[in-house]
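Chains as they are written, first to last, in this note's numbering: chain F, 1 to 346; chain R, 1 to 346.
These aren't lab readings, by the way, just hints derived from the structure by calculation.
Bear in mind that the values here come from a model prediction, so they are computed numbers and not experimental data.
Wrong hints could be hidden among the right ones.
Identical copies go unnamed one by one, so any copy, or any two together, can satisfy a pair.
Computed list of lysine-lysine pairs in DSS-like fashion (alpha-carbon distance at most 25 Å, straight line) [what the hints assert, rightly or not]:
1. 75 - 228
2. 336 - 51
3. 51 - 250
4. 228 - 336
5. 13 - 228
6. 314 - 75
7. 279 - 228
8. 217 - 314
9. 13 - 221
10. 13 - 250
11. 314 - 13
12. 228 - 340
13. 340 - 51
14. 340 - 217
15. 279 - 75
16. 314 - 336
17. 279 - 250
18. 314 - 279
Each chain is listed here by its residues.
There are 2 protein chains.
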Amino acid sequence: MTIPAEMMALLLKGDGYATVPSGSVLEAMDPYVEFGRIGVPQPDEGQVLIKVSLASINPSDVMFIKGLYGQPRAKGRPAGFEGVGVVAAGNGPLAASLIGRRVAFATGTSNWGAWAEYAVADARGVIPLIDGVSDIDGAAMIVNPLTALAMFDIVREAGEKAFVLTAGASQLCKLMMGVAREEGFRPIAIVRRDDQESLLVESGAAHVLNASAADFKSRLKAVFGAEKPRIFLDAVTGPLASTVFHTMGKGARWIIYGRLDPADTVIREPGQFIFQDKKIEGFWLTQWMRSADPASRAARVLEAQQRFADGRWKTDVTATVPLDAAVSRVADELAKPNGKVFITPG
Amino acid sequence: MTIPAEMMALLLKGDGYATVPSGSVLEAMDPYVEFGRIGVPQPDEGQVLIKVSLASINPSDVMFIKGLYGQPRAKGRPAGFEGVGVVAAGNGPLAASLIGRRVAFATGTSNWGAWAEYAVADARGVIPLIDGVSDIDGAAMIVNPLTALAMFDIVREAGEKAFVLTAGASQLCKLMMGVAREEGFRPIAIVRRDDQESLLVESGAAHVLNASAADFKSRLKAVFGAEKPRIFLDAVTGPLASTVFHTMGKGARWIIYGRLDPADTVIREPGQFIFQDKKIEGFWLTQWMRSADPASRAARVLEAQQRFADGRWKTDVTATVPLDAAVSRVADELAKPNGKVFITPG
């Protein structure tokens with residue numbers, strides 16, 4: 001495979017973090033990235049260079065390009081956390097052994113993102129794909145499906161059958177709830193609108209609670225009183241998550257993996273840490289990929305692929321947008337519900 | 001020992017929790033407790049009845065009688081979390097085996113407090129005293145000294161030499177810093193005034209940072225950058241603790257054991273849980289007494305007694321106030337610095 005000296009990519013316009021917080025909706029791509037030319041990177045030790053076939057757009061990408069994600073932006077570098085492609089070069093023995101393989105990848109902290117003709121990823125974090133997995137499924141396999149399986153391991157180990165999810169209508173939550181129901185667990189999904197309730201019950205939710213409803217707090221108390229959930233997997237933080245954690249009983253663990261709400265997160269009653277043995281911690285897939293027990297990591301990676309290959313999971317597609325049209329089209333496509341938007345450099 | 005039917009005690013005037021938050025200073029006893037007569041309680045299964053010789057007053061007692069502690073008040077019951085006395089009766093084999101023993105005790109969740117002629121405690125939580133330990137030291141042995149030793153175990157297990165303390169001038173922190181220095185650890189004590197700095201350095205502090213100073217935030221950054229503390233033992237919560245936790249680096253653990261500041265506790269950057277592996281948890285001695293590994297619990301109990309018996313630790317006394325004079329005198333005595341106030345029923 002001949003690697004060109006230069007490539008086209010969607011390059012970050014901002015640097016570091018945003019100084020003014022804003023919401024999780026992408027009003028337009030133009031303030032944050034531009035379509036431009038850049039040199040093809042050299043992978044560092046332990047990294048692979050991937051010729052990108054297809055890249056996905058996740059909520060974390062939107063937060064990142066806006067400067068609201070917990071990693072600083074590097075101005076002028078390509079954005080995009082996830083994609084599928086073929087390994088074109090590798091630095092180091094593991095990386096070199098992957099050359100020519102079709103892989104799902106997450107760019108992690110490489111600063112060379114997937115919204116480009118070539119991307120850089122940690123060789124330990126790429127997933128060589130089995131044949132039954134399509135490029136569409138591969139390009140959206142890590143950030144949502146693998147996070148869903150990895151976080152569900154936390155629920156499984158904690159033992160209680162009931163657990164709580166915010167952003168309950170997200171793709172990630174729907175994937176997790178399906179797995180949970182298969183194993184007899186009882187997800188309590190918290191959403192902000194009523195219109196997806198039946199869809200979520202179909203996806204595996206035991207309860208769907210609408211945070212915008214007038215009786216939300218009383219329903220929360222009633223459901224938590226009956227189900228006694230201890231694990232709270234939270235993608236939003238802010239006042240809603242504070243209320244959920246405050247309402248949970250003894251031994252509750254608030255596990256934060258996203259922060260879609262930029263509003264203040266207040267600990268309503270710090271005494272609950274002392275007298276009710278409550279805890280707050282975080283989950284980051286990049287960290288899990290580095291530090292999880294290799295056997296359980298391999299099992300989850302295989303499970304994700306099998307679920308796509310045998311049709312138990314499938315990726316709903318809203319649009320596949322060419323790289324050179326992304327700046328003008330992506331915001332409108334993301335505004336449509338219930339599917340993912342992809343970017344293709346070809 | 002003949003047990004009378006009735007006794008005198010300082011009885012709680014409030015019930016449950018305060019509806020209006022207030023500070024940790026006791027402006028007067030009168031709004032919260034009254035001197036009165038009540039029936040001597042019967043110990044439940046696993047509990048002992050103790051004839052109180054001396055009871056202590058801790059910051060947690062003040063928070064409790066004001067309705068600001070994480071346990072609800074039971075109106076008309078005696079207050080007081082800690083004391084020394086002789087076991088007069090016991091319900092169950094362990095409790096009965098303690099009859100006649102001089103013990104340090106904490107009343108925990110019994111609702112029959114130490115500011116009384118008789119108190120009730122969990123038999124597993126009382127400490128039979130060795131001869132060299134005075135009543136004064138015994139009456140103040142659990143809430144501060146044992147908490148100091150138990151929490152220092154967390155620091156020791158975490159490995160890093162530097163750790164952070166708020167309410168750095170408290171009796172508890174001074175005890176802990178002394179132990180820490182003996183083992184080569186480096187306490188970073190955060191206080192609100194400058195006047196105790198030399199006293200704290202003498203007690204074992206490697207750094208003393210005054211949160212009221214204009215350069216507090218820059219000193220915090222500089223000291224944390226050099227010392228890289230990971231454990232934060234916090235008695236205050238509120239804005240100061242939020243700033244401390246926010247400034248700490250990767251893997252920081254905020255362990256809350258008191259909440260002297262009733263102001264809102266805001267998580268400044270929830271993304272730190274995700275990307276920096278930070279955590280919040282709590283410490284409660286009552287829970288530690290129930291659940292700690294018995295061998296390490298016994299070791300810490302013995303260590304506390306030996307430190308008092310051989311003079312390495314001693315209890316500074318501001319005043320010993322008779323039970324019938326407590327309502328009028330205690331608030332004034334508590335306002336004096338650097339010593340403890342005791343209540344004696346005899």
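These are the hints, each one checked on the structure:
1. Taking the shortest Cα distances, residue 75 and residue 228 never come within 25 Å of each other, neither inside one copy (46 Å) nor across copies (29 Å).
2. Proximity of residue 336 to residue 51 under the C-alpha cut-off of 25 Å is found in neither arrangement, the shortest distances being 29 Å within a copy and 72 Å between copies.
3. Taking identical chains as interchangeable, the C-alpha atoms of residue 51 and residue 250 are never at most 25 Å apart, the minima being 49 Å within one chain and 33 Å between chains.
4. Taking identical chains as interchangeable, the C-alpha atoms of residue 228 and residue 336 are never at most 25 Å apart, the minima being 35 Å within one chain and 46 Å between chains.
5. Taking CA atoms no more than 25 Å apart as the test, residue 13 paired with residue 228 passes in neither setting, with 46 Å inside one copy and 33 Å between copies.
6. For a Cα distance limit of 25 Å, the shortest separation of residue 314 from residue 75 qualifies neither inside one copy, at 35 Å, nor across copies, at 60 Å.
7. Proximity of residue 279 and residue 228 under a CA criterion of 25 Å is satisfied in both settings, with 16 Å inside one chain copy and 23 Å between copies.
8. Neither within a single protomer nor between protomers do residue 217 and residue 314 lie at most 25 Å apart by alpha-carbon distance, with minima of 34 Å and 50 Å respectively.
9. For the identical chains of this complex, residue 13 and residue 221 are neighbours neither inside a copy (45 Å) nor across copies (30 Å), given an alpha-carbon limit of 25 Å.
10. Neither within a single protomer nor between protomers do residue 13 and residue 250 lie at most 25 Å apart by alpha-carbon distance, with minima of 46 Å and 28 Å respectively.
11. When the C-alpha separation of residue 314 and residue 13 is checked against a cutoff of 25 Å, the pair qualifies neither within a copy, at 34 Å, nor between copies, at 63 Å.
12. In this assembly of identical chains, the alpha carbons of residue 228 and residue 340 never lie at most 25 Å apart, being 34 Å within a copy and 42 Å across copies at closest.
13. Taking the shortest alpha-carbon separations for residue 340 and residue 51, only the intra-copy value of 21 Å comes in at or below 25 Å, while the best inter-copy value is 71 Å.
14. In this assembly of identical chains, the alpha carbons of residue 340 and residue 217 never lie at most 25 Å apart, being 32 Å within a copy and 44 Å across copies at closest.
15. For the identical chains of this complex, residue 279 and residue 75 are neighbours neither inside a copy (36 Å) nor across copies (31 Å), given an alpha-carbon limit of 25 Å.
16. Only within a single protomer do residue 314 and residue 336 lie at most 25 Å apart by alpha-carbon distance; the minimum there is 18 Å, versus 70 Å between protomers.
17. With identical chains, the CA atoms of residue 279 and residue 250 are at most 25 Å apart both within one copy (10 Å) and between copies (17 Å).
18. Within a single copy, residue 314 and residue 279 get their C-alpha atoms no closer than 35 Å, and across copies no closer than 35 Å, so neither meets the 25 Å cut-off.
Against the hints set out earlier in the document, violations occur for numbers 1, 2, 3, 4, 5, 6, 8, 9, 10, 11, 12, 14, 15 and 18.
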